[in-house]
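Take the sequence shown: its letters are residues 1 to 312, numbered as in my numbering.
No lab work stands behind these hints: they were computed from the structure. Since the model is a prediction, treat every value here as computed from it, not as a measurement. Incorrect hints may have been included.
[What the hints assert, rightly or not] Distance condition first, Cα-Cα at most 20 Å in a straight line; then the derived SDA-like pairs of lysine to any residue:
#1 Lys134 with Leu105
#2 Lys74 with Ala102
#3 Lys23 with Asp52
#4 Lys265 with Pro227
#5 Lys265 with Val242
#6 Lys134 with Thr156
#7 Lys74 with Asp52
#8 Lys243 with Leu228
#9 Lys265 with Leu240
#10 Lys265 with Thr277
#11 Lys134 with Gly152
#12 Lys276 with Leu240
#13 Lys74 with Ser27
#14 Lys134 with Tyr158
#15 Lys134 with Asp233
#16 Lys243 with Gly294
#17 Lys243 with Asp271
#18 Lys243 with Thr188
#19 Lys265 with Asn247
#20 Lys276 with Leu212
#21 Lys114 with Gly198
#22 Lys265 with Asp254
#23 Lys114 with Thr129
#24 Lys243 with Leu292
#25 Lys243 with Gln293
#26 Lys243 with Asp209
#27 Lys243 with Gln283
#28 Lys265 with Gly275
#29 Lys23 with Glu33
#30 Lys243 with Glu269
#31 Lys134 with Thr188
#32 Lys114 with Gly226
#33 Lys114 with Glu97
#34 Lys276 with Gly226
#35 Lys74 with Gln30
#36 Lys114 with Lys74
#37 Lys276 with Gln293
#38 Lys276 with Gly294
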Amino acid sequence: MRFILLFALLFITQGSTWAQGKKVEFSTFQLSETVYMLRGRGGNVAISAGEDGLYIIDDQVRPVTNELLQAIRKIDSGPIRFVINTHYHADHTGGNETIGSAGALIIAHDNIYKRMSTEQVSIFTQSTTPPYAKAALPIITFNDQMSLYLNGEAATAYHVAHGHTDGDIIIHFPASNVIHMGDMYFNTLYPYIDLDAGGSIQGMVQAADLALSLADDSTRIIPGHGPLAITEDLRAYRDLLVKATANVQALIDDGQNLQQVIAAKPTAEWDETLGKTWITPPQFVTFIFNSLQGIHNYTPATNNSGDPTAAD
Numbered sequence: 001m002r003f004i005l006l007f008a009l010l011f012i013t014q015g016s017t018w019a020q021g022k023k024v025e026f027s028t029f030q031l032s033e034t035v036y037m038l039r040g041r042g043g044n045v046a047i048s049a050g051e052d053g054l055y056i057i058d059d060q061v062r063p064v065t066n067e068l069l070q071a072i073r074k075i076d077s078g079p080i081r082f083v084i085n086t087h088y089h090a091d092h093t094g095g096n097e098t099i100g101s102a103g104a105l106i107i108a109h110d111n112i113y114k115r116m117s118t119e120q121v122s123i124f125t126q127s128t129t130p131p132y133a134k135a136a137l138p139i140i141t142f143n144d145q146m147s148l149y150l151n152g153e154a155a156t157a158y159h160v161a162h163g164h165t166d167g168d169i170i171i172h173f174p175a176s177n178v179i180h181m182g183d184m185y186f187n188t189l190y191p192y193i194d195l196d197a198g199g200s201i202q203g204m205v206q207a208a209d210l211a212l213s214l215a216d217d218s219t220r221i222i223p224g225h226g227p228l229a230i231t232e233d234l235r236a237y238r239d240l241l242v243k244a245t246a247n248v249q250a251l252i253d254d255g256q257n258l259q260q261v262i263a264a265k266p267t268a269e270w271d272e273t274l275g276k277t278w279i280t281p282p283q284f285v286t287f288i289f290n291s292l293q294g295i296h297n298y299t300p301a302t303n304n305s306g307d308p309t310a311a312d
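Please take these sequences and the hints and turn them into a complete structure.
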């Protein structure tokens, strides 16, 4: 089985030392008495630790699971009781099998279970991934919303239909004033919208709106990738999504096809800061264009040379 290009790119984007055969360095940030954020290699992890024990949100990529567990044990040496997955991608679920085999209960949206338990095909990465091992699968799933009441506070998960995928959730810790957005928020990067797995630009905007409705000016926002954010950062990200979508829609209304829309550079004002390290401007524009056209997969534009996403 070949590794998915998406996740290989992600490691490189975040300055991977693991990809170079070196030890991964984890950074831990305490956000409240009980809630922590951990950055390493893969999606950002949230940790709740307190009188009721330990649970985590997402668990990065499989090759760094042992290092991840060591970093978590520096916060709390007890067993992990629960894992909540924000979506099914391997850079957020890579530790599931090891941690699940050790006794943790894995919780996720219904659609995450469906995707993890069946073969998945991605046009964007030109890859196929087989079903996950049984120990890595969620054993508790939910539809619209669920809450855990542990460590003196509630953590409520909200499903947003057709955001980054069709199974994404955000998790709100009201008492700690922290929100984990998973990959419905990429901080300092253009977002990857997995059209092949039910994602859409409309759902990404809805996720940002939901998080902003739960936040105040003091809320800390954990993105799926990138540094810890504050509400002002998320508001700017939401405005970017809305404006970029409007720019693309205006070109569609003028009768332009995808290749012409890409050539018009509707995201030019952000390309230098957000489009240089991972998702490219043509890819981001394609996500938006296909979403608006109701195309439920990543179908790129081609120029006369057949180069995907290229435009004159």
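Hints versus structure:
Pair hint Lys134 plus Leu105 holds up; C-alpha atoms about 12 Å apart against a cutoff of 20 Å. Proximity of Lys74 to Ala102 is assessed by CA-CA distance (about 18 Å); at most 20 Å being required, the pair is judged to hold. Proximity of Lys23 to Asp52 is assessed by CA-CA distance (about 32 Å); at most 20 Å being required, the pair is judged violated. Using a Cα cut-off of 20 Å, the hinted pair Lys265 and Pro227 is violated, with the two alpha carbons roughly 27 Å apart.
This hinted pair checks out: Lys265 and Val242 have alpha carbons roughly 16 Å apart, not beyond 20 Å. Note on Lys134 and Thr156: the hinted pairing is violated, with a Cα-Cα distance of about 26 Å set against a maximum of 20 Å. For the suggested pair Lys74 and Asp52, the alpha carbons sit about 17 Å apart, so the restraint of at most 20 Å is met. Distance check on the hinted pair: Lys243 and Leu228 sit about 23 Å apart at the alpha-carbon level, beyond 20 Å; violated.
Restraint check for Lys265 and Leu240: satisfied, since their Cα atoms lie roughly 14 Å apart, inside the 20 Å limit. A hinted pair counts as satisfied when its Cα atoms are at most 20 Å apart, and Lys265 with Thr277 qualifies at roughly 17 Å. Our distance criterion of 20 Å between C-alpha atoms is broken by Lys134 and Gly152, whose separation comes to about 32 Å. Using a Cα cut-off of 20 Å, the hinted pair Lys276 and Leu240 holds, with the two alpha carbons roughly 16 Å apart.
For the suggested pair Lys74 and Ser27, the alpha carbons sit about 11 Å apart, so the restraint of at most 20 Å is met. At roughly 25 Å between alpha-carbon atoms, Lys134 and Tyr158 are farther apart than 20 Å, so this suggested pair is violated. Between Lys134 and Asp233 the alpha-carbon distance is near 38 Å, which puts this suggested pair outside the 20 Å criterion. With a C-alpha separation of about 19 Å, the suggested pair Lys243 and Gly294 falls inside the 20 Å cut-off, and the hint holds.
A threshold of 20 Å between alpha carbons decides the hint, and for Lys243 with Asp271 the separation of about 13 Å falls inside it, so the pair holds. Restraint check for Lys243 and Thr188: satisfied, since their Cα atoms lie roughly 17 Å apart, inside the 20 Å limit. Proximity of Lys265 to Asn247 is assessed by CA-CA distance (about 9 Å); at most 20 Å being required, the pair is judged to hold. At most 20 Å may separate the alpha-carbon atoms for a hinted pair to count; Lys276 and Leu212 exceed this at roughly 27 Å.
Distance restraint check for Lys114 and Gly198: the Cα-Cα separation of roughly 12 Å lies within the 20 Å cut-off, and the hinted pair is therefore satisfied. A distance of roughly 15 Å separates the Cα atoms of Lys265 and Asp254; the hinted pair therefore holds under the 20 Å criterion. A distance of roughly 13 Å separates the Cα atoms of Lys114 and Thr129; the hinted pair therefore holds under the 20 Å criterion. For the hint pairing Lys243 with Leu292, the CA-to-CA distance comes to about 14 Å; that is within 20 Å, so the pair holds.
With a CA separation close to 17 Å, the supplied pair Lys243 and Gln293 stays within the 20 Å bound. Distance restraint check for Lys243 and Asp209: the Cα-Cα separation of roughly 14 Å lies within the 20 Å cut-off, and the hinted pair is therefore satisfied. At most 20 Å may separate the alpha-carbon atoms for a hinted pair to count; Lys243 and Gln283 meet this at roughly 17 Å. Pair hint Lys265 plus Gly275 holds up; C-alpha atoms about 12 Å apart against a cutoff of 20 Å.
Note on Lys23 and Glu33: the hinted pairing is violated, with a Cα-Cα distance of about 29 Å set against a maximum of 20 Å. About 11 Å separates the Cα atoms of Lys243 and Glu269, which keeps this hinted pair within 20 Å; it holds. Only pairs whose Cα atoms come within 20 Å are accepted, and Lys134 paired with Thr188 is rejected, the gap being roughly 35 Å. Between the alpha carbons of Lys114 and Gly226 the distance comes to roughly 28 Å, so the proposed pair goes past 20 Å and is violated.
For the given pair, Lys114 sits about 16 Å from Glu97 by alpha-carbon distance, which is consistent with the 20 Å threshold. Among the hinted pairs, Lys276 with Gly226 is consistent with the structure: their alpha-carbon atoms are about 14 Å apart, no more than 20 Å. As the CA atoms of Lys74 and Gln30 are separated by approximately 12 Å, the hinted pair is consistent with the 20 Å bound. The hinted pair formed by Lys114 and Lys74 fails the criterion: a straight-line CA distance of about 34 Å is larger than 20 Å.
Distance check on the hinted pair: Lys276 and Gln293 sit about 26 Å apart at the alpha-carbon level, beyond 20 Å; violated. The suggested pairing of Lys276 with Gly294 is violated, with an alpha-carbon distance near 27 Å, which exceeds 20 Å.
Checked against the numbered hints given earlier, this structure breaks hints 3, 4, 6, 8, 11, 14, 15, 20, 29, 31, 32, 36, 37, 38; the rest are met.
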